[in-house]
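There are 2 protein chains.
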Amino acid sequence: MRTESGADLFIGTHRETLDRALEAIASRGYWSPYPEMPSPRAYGETAANDGESAFQALLNQPFALNQPGEDGVMIGAERSPFGFDLGVAYPKPERGALLHAAEAALPQWRDAGPLARAAVCLEILARLNAQSFLMAHAVMHTNGQAFMMAFQAGGPHAQDRGLEAVAYAYREQAAIPAEARWEKPQGSKNPPLVVDKTWHLVPRGVAVVIGCATFPTWNGYPGLFASLATGNPVIVKPHPGATLPLALTVKIAREVLADAGFDPNTVLLAVDDPDAPMATDLCLDPRVGVIDFTGSSAFGTWLEDHCRHAQVYAEKAGVNYIVIESTNDFKGLCRNLAFVLSLYAGQMCTTSQNIFIPRDGIQTEDGPKTYDEVCQGLATALDKFLGNTERAVEVLGGICNPATLERIEQARGLGRVVLDSRAVDHPTYPDATVRTPILVALDSTDRAVFEEERFGPIAFLIACDSGAAALDLAAETVAAKGAITGGVYTTNPDLEARAVELALRTGVNLAVNFTAGVYVNQSAAFSDFHATGANPAANAALSDSAFVAGRFRPVCIRRMGG
Amino acid sequence: MRTESGADLFIGTHRETLDRALEAIASRGYWSPYPEMPSPRAYGETAANDGESAFQALLNQPFALNQPGEDGVMIGAERSPFGFDLGVAYPKPERGALLHAAEAALPQWRDAGPLARAAVCLEILARLNAQSFLMAHAVMHTNGQAFMMAFQAGGPHAQDRGLEAVAYAYREQAAIPAEARWEKPQGSKNPPLVVDKTWHLVPRGVAVVIGCATFPTWNGYPGLFASLATGNPVIVKPHPGATLPLALTVKIAREVLADAGFDPNTVLLAVDDPDAPMATDLCLDPRVGVIDFTGSSAFGTWLEDHCRHAQVYAEKAGVNYIVIESTNDFKGLCRNLAFVLSLYAGQMCTTSQNIFIPRDGIQTEDGPKTYDEVCQGLATALDKFLGNTERAVEVLGGICNPATLERIEQARGLGRVVLDSRAVDHPTYPDATVRTPILVALDSTDRAVFEEERFGPIAFLIACDSGAAALDLAAETVAAKGAITGGVYTTNPDLEARAVELALRTGVNLAVNFTAGVYVNQSAAFSDFHATGANPAANAALSDSAFVAGRFRPVCIRRMGG
Numbered sequence: 001m002r003t004e005s006g007a008d009l010f011i012g013t014h015r016e017t018l019d020r021a022l023e024a025i026a027s028r029g030y031w032s033p034y035p036e037m038p039s040p041r042a043y044g045e046t047a048a049n050d051g052e053s054a055f056q057a058l059l060n061q062p063f064a065l066n067q068p069g070e071d072g073v074m075i076g077a078e079r080s081p082f083g084f085d086l087g088v089a090y091p092k093p094e095r096g097a098l099l100h101a102a103e104a105a106l107p108q109w110r111d112a113g114p115l116a117r118a119a120v121c122l123e124i125l126a127r128l129n130a131q132s133f134l135m136a137h138a139v140m141h142t143n144g145q146a147f148m149m150a151f152q153a154g155g156p157h158a159q160d161r162g163l164e165a166v167a168y169a170y171r172e173q174a175a176i177p178a179e180a181r182w183e184k185p186q187g188s189k190n191p192p193l194v195v196d197k198t199w200h201l202v203p204r205g206v207a208v209v210i211g212c213a214t215f216p217t218w219n220g221y222p223g224l225f226a227s228l229a230t231g232n233p234v235i236v237k238p239h240p241g242a243t244l245p246l247a248l249t250v251k252i253a254r255e256v257l258a259d260a261g262f263d264p265n266t267v268l269l270a271v272d273d274p275d276a277p278m279a280t281d282l283c284l285d286p287r288v289g290v291i292d293f294t295g296s297s298a299f300g301t302w303l304e305d306h307c308r309h310a311q312v313y314a315e316k317a318g319v320n321y322i323v324i325e326s327t328n329d330f331k332g333l334c335r336n337l338a339f340v341l342s343l344y345a346g347q348m349c350t351t352s353q354n355i356f357i358p359r360d361g362i363q364t365e366d367g368p369k370t371y372d373e374v375c376q377g378l379a380t381a382l383d384k385f386l387g388n389t390e391r392a393v394e395v396l397g398g399i400c401n402p403a404t405l406e407r408i409e410q411a412r413g414l415g416r417v418v419l420d421s422r423a424v425d426h427p428t429y430p431d432a433t434v435r436t437p438i439l440v441a442l443d444s445t446d447r448a449v450f451e452e453e454r455f456g457p458i459a460f461l462i463a464c465d466s467g468a469a470a471l472d473l474a475a476e477t478v479a480a481k482g483a484i485t486g487g488v489y490t491t492n493p494d495l496e497a498r499a500v501e502l503a504l505r506t507g508v509n510l511a512v513n514f515t516a517g518v519y520v521n522q523s524a525a526f527s528d529f530h531a532t533g534a535n536p537a538a539n540a541a542l543s544d545s546a547f548v549a550g551r552f553r554p555v556c557i558r559r560m561g562g
Numbered sequence: 001m002r003t004e005s006g007a008d009l010f011i012g013t014h015r016e017t018l019d020r021a022l023e024a025i026a027s028r029g030y031w032s033p034y035p036e037m038p039s040p041r042a043y044g045e046t047a048a049n050d051g052e053s054a055f056q057a058l059l060n061q062p063f064a065l066n067q068p069g070e071d072g073v074m075i076g077a078e079r080s081p082f083g084f085d086l087g088v089a090y091p092k093p094e095r096g097a098l099l100h101a102a103e104a105a106l107p108q109w110r111d112a113g114p115l116a117r118a119a120v121c122l123e124i125l126a127r128l129n130a131q132s133f134l135m136a137h138a139v140m141h142t143n144g145q146a147f148m149m150a151f152q153a154g155g156p157h158a159q160d161r162g163l164e165a166v167a168y169a170y171r172e173q174a175a176i177p178a179e180a181r182w183e184k185p186q187g188s189k190n191p192p193l194v195v196d197k198t199w200h201l202v203p204r205g206v207a208v209v210i211g212c213a214t215f216p217t218w219n220g221y222p223g224l225f226a227s228l229a230t231g232n233p234v235i236v237k238p239h240p241g242a243t244l245p246l247a248l249t250v251k252i253a254r255e256v257l258a259d260a261g262f263d264p265n266t267v268l269l270a271v272d273d274p275d276a277p278m279a280t281d282l283c284l285d286p287r288v289g290v291i292d293f294t295g296s297s298a299f300g301t302w303l304e305d306h307c308r309h310a311q312v313y314a315e316k317a318g319v320n321y322i323v324i325e326s327t328n329d330f331k332g333l334c335r336n337l338a339f340v341l342s343l344y345a346g347q348m349c350t351t352s353q354n355i356f357i358p359r360d361g362i363q364t365e366d367g368p369k370t371y372d373e374v375c376q377g378l379a380t381a382l383d384k385f386l387g388n389t390e391r392a393v394e395v396l397g398g399i400c401n402p403a404t405l406e407r408i409e410q411a412r413g414l415g416r417v418v419l420d421s422r423a424v425d426h427p428t429y430p431d432a433t434v435r436t437p438i439l440v441a442l443d444s445t446d447r448a449v450f451e452e453e454r455f456g457p458i459a460f461l462i463a464c465d466s467g468a469a470a471l472d473l474a475a476e477t478v479a480a481k482g483a484i485t486g487g488v489y490t491t492n493p494d495l496e497a498r499a500v501e502l503a504l505r506t507g508v509n510l511a512v513n514f515t516a517g518v519y520v521n522q523s524a525a526f527s528d529f530h531a532t533g534a535n536p537a538a539n540a541a542l543s544d545s546a547f548v549a550g551r552f553r554p555v556c557i558r559r560m561g562g
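As you go down the protein sequences, you meet chains Y and E in turn.
The numbers in the UniProt record's numbering rise by one with no breaks, and the one at position 496 of the first sequence is 496.
The numbers in the UniProt record's numbering rise by one with no breaks, and the one at position 56 of the second sequence is 56.
These aren't lab readings, by the way, just hints derived from the structure by calculation.
Remember, predicted model here, so these are calculated numbers, not experimental data.
Among the hints, erroneous ones may be present.
For chains that are exact copies, the list does not tell them apart, and a pair is met inside one copy or across any two.
To be verified - Only pairs whose alpha carbons sit at most 25 Å apart, straight line, appear in this in silico BS3-like list of lysine-lysine: (1) K331 with K251; (2) K331 with K189; (3) K369 with K251; (4) K384 with K369; (5) K184 with K331; (6) K92 with K251.
Generate coordinates for the entire structure from the input sequences, incorporating the hints supplied.
What follows is the structure, encoded as structure tokens:
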């Protein structure tokens, strides 16, 4: 029998939210339990100041975790893209001690059952939500997102993604009854055969979550909560440049676990030392049963190739595309794409990189426009959108990784520069690294250039033989290199149908004629699956049944009944 | 929008059965829509004779399939374990033509949607059920099961497993809405943001099902129907020694597809030529997106290692165990295990191989019994059970594979023979190859001997230091080599609890104190998950959410609404 002990209080508190989340994943309309506006009404009058003070208090201090294997050595060298060192020092972890502690925590967590686990996860999410201002600062000053985006994507939207994973995990586990009586008739003269069965849901093992630098919480929470909700103790290994958001997350998770009567070592932090990275050794350990990863194709593929003892869920690189064939709102198109390319300076796995345009131009509401006019329209829209410095820095944020600056520099030599990237002086943070997007004109023959992901504020305007040829080329790049988002602008129903068919064949989510306030690079939990798992950019979607179903296995104990 | 065209009639006919199956997988009690008794009442007065006549009419004839790429060359060399050649000649397939035809069938089948696909699958199953007598003969004379078992396991029980997979596939697909409107409030002054979304479920690609020699339909149908129901065209590659059951299956599937207005090439047969096996080349083709396999660990692991472009569901070898520590029904225990070891001469992936017994003996309702007395009890029960030749041949069936005879011979040299295997003359089939089980006494130190799967009527009686030591040893062999079934006999609650804990840790389904008419080697669809996917014997369970959820991916088309 599955026991549901230790977390009764949290079950009572969160049952309704869980039920609402279960409804939301079934209907996939708009829903979010965590307010996305950093307002006093939602979070309390003092929340903003409290969050900022709490962040300031963490700087230049040791970060206490009280995990097994700590020996006093501290590491950490995070630097804000807005221009200062965080100075947070984390206990250097001992891999063997973490794995041992996680494994020891497994049986109790396994036996807690799906409902208690879901309730504990929801309490963790609720406490994370209450700390959204602190989290916003932690996210902003590690990945470089401007405050509003750091608050939303790092806080409530990430929490949404966590809850979504919990809902899927709970639904798939609850679909297996805890027990059943199997009673097979043996004709009218004989009693039935009776077997009493109990199903135990067993986790794969110790789960590892490898965080990324740009969206440590948004991309990390689905795997963390999916594994946790399905009974796997989790070791979180953040990116060395974005440790703080996940350290705060783990700290809160450990507090909730202890409060619920579980072993806090059910969630552990493995702070990484860039001088001696631990991800490979950690993931190669046979005790590891699940790995969630967001990052480079090289390491994602390495994990898939070498960690065959574990289920690996990997989001890797991709080349997202837009095909512009015709539109009845060219201005809206340009404004829309200007925002897409500017948001967080293109440092999103959903940002469009390749914009395919017929070399003979497109039809618009104002008549035909040449290829050059389309390019110029996009450049002008970007210039206008980012002309106001105050607004520009709140959209662009900072550049997270110096390698991105190098890629911008390289991009200048890859084709004809239609709009150059420029540095923007941040009014508040003089040492911030802020850059605008670069637009580079290419030809459809420049495949080697645009088939490679060039992460950052870099977009290619690729001249193609026709709209149909543009679609085919986009599909070929997706099949070869993967993509998380695609978009098409067309007023031609046949071309739209072809775009849809190619999206289905290459397994990419497609936005059709986005001209107003919705954007191809945005992905809403409970409604949009993030990625599909059907092309090289990712082997899973966040979150669906497949993302959770493999994290646990049903084991049956059969006893003769009657 | 998902269309549900072409199969409306079948939806009407089978909707109720589908709904019952959906209830059954949720409650997991006893249920089966396909009568397991080969009775005139269930199947009609002439069904038995019709089935036998139909089988006879197939012998020594070409088997018509009308598949693409046929060039007149015929292959096939099936031989009944009951002692005669079948003489059925199948068109030699051309791999490229099959893959091309399957790929061409994909879009229409994908766009049919989950309900139409489920209905087509249920019609295939209904027509298979109507042909259960023919199928029984085809199964019997390829894998060697006695008639009753061939009828049940090859017919209705296999159909149950197929329907179970369809139910899971339908449930997971139906959980994703075909469309939704996402409407995000923008405050009281502004209209909401509106996005209209349609989700298309896209299959992984072409699916391949690799059949096994012993349970071609029972082990083949879950993968076949899971892939088909999730939109993947399927190429079925039977074992060369057990082609006929799957050839009949594919023929019926193609007829149903055509009747429903679909491309019959949505299901194809790839008859294999033992002189030029095609499984490796077929599975290596990048168009293949899903592979289901039952068979050797060597080939299963090869598929997992080399076919990384596909989802591989593999059931491989394992060493199933029984631990006997104490019992209050020693006679029942011996009778029960005698049946387990005898049924189909141990040629089941669920048959127990390793029977661990304390060397100091066990407690029974008649007081203590020594290790030797336990061994003798089992040997006597087997002798008694198989003493009646008429009954013996109806339980043992024939030996499917000559390699099994070699393994029996080898087993004689592996330890002390407690009960030797003997040949049984079949009263009806003088050339049948019938063998009784061999029991070999070993010591717990003979690990190299019992840690290897020795498929067939071979069981080891392994002397251990204690009941607890027996459990530990069993668990170690499962962790190292895998197992699909485990069993324990004990009256000690602490030992039982330990057995359960070890079963959870090693991910093996456990039968506790089975002494009456239920058996560790039996697995009932809709109630028992077959295997767990949590130890080396299999990477999936038949069938659960994880078995179907990865076979399709949701792709979203987003359009601005409002």
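Status of each hint after checking the structure:
For a Cα distance limit of 25 Å, the shortest separation of K331 from K251 qualifies neither inside one copy, at 47 Å, nor across copies, at 57 Å. Taking the closest pair of Cα atoms, K331 and K189 come within 25 Å of each other only across two copies (24 Å); inside a single copy the shortest separation is 81 Å, beyond that limit. Proximity of K369 to K251 under the C-alpha cut-off of 25 Å is found in neither arrangement, the shortest distances being 56 Å within a copy and 56 Å between copies. Taking CA atoms no more than 25 Å apart as the test, K384 paired with K369 passes inside one copy only; the shortest distance there is 20 Å, against 91 Å between copies.
Taking the shortest alpha-carbon separations for K184 and K331, only the inter-copy value of 23 Å comes in at or below 25 Å, while the best intra-copy value is 69 Å. In the homo-oligomer, the alpha carbons of K92 and K251 lie at most 25 Å apart inside one protomer (15 Å), although the nearest pairing across protomers, at 63 Å, exceeds that limit.
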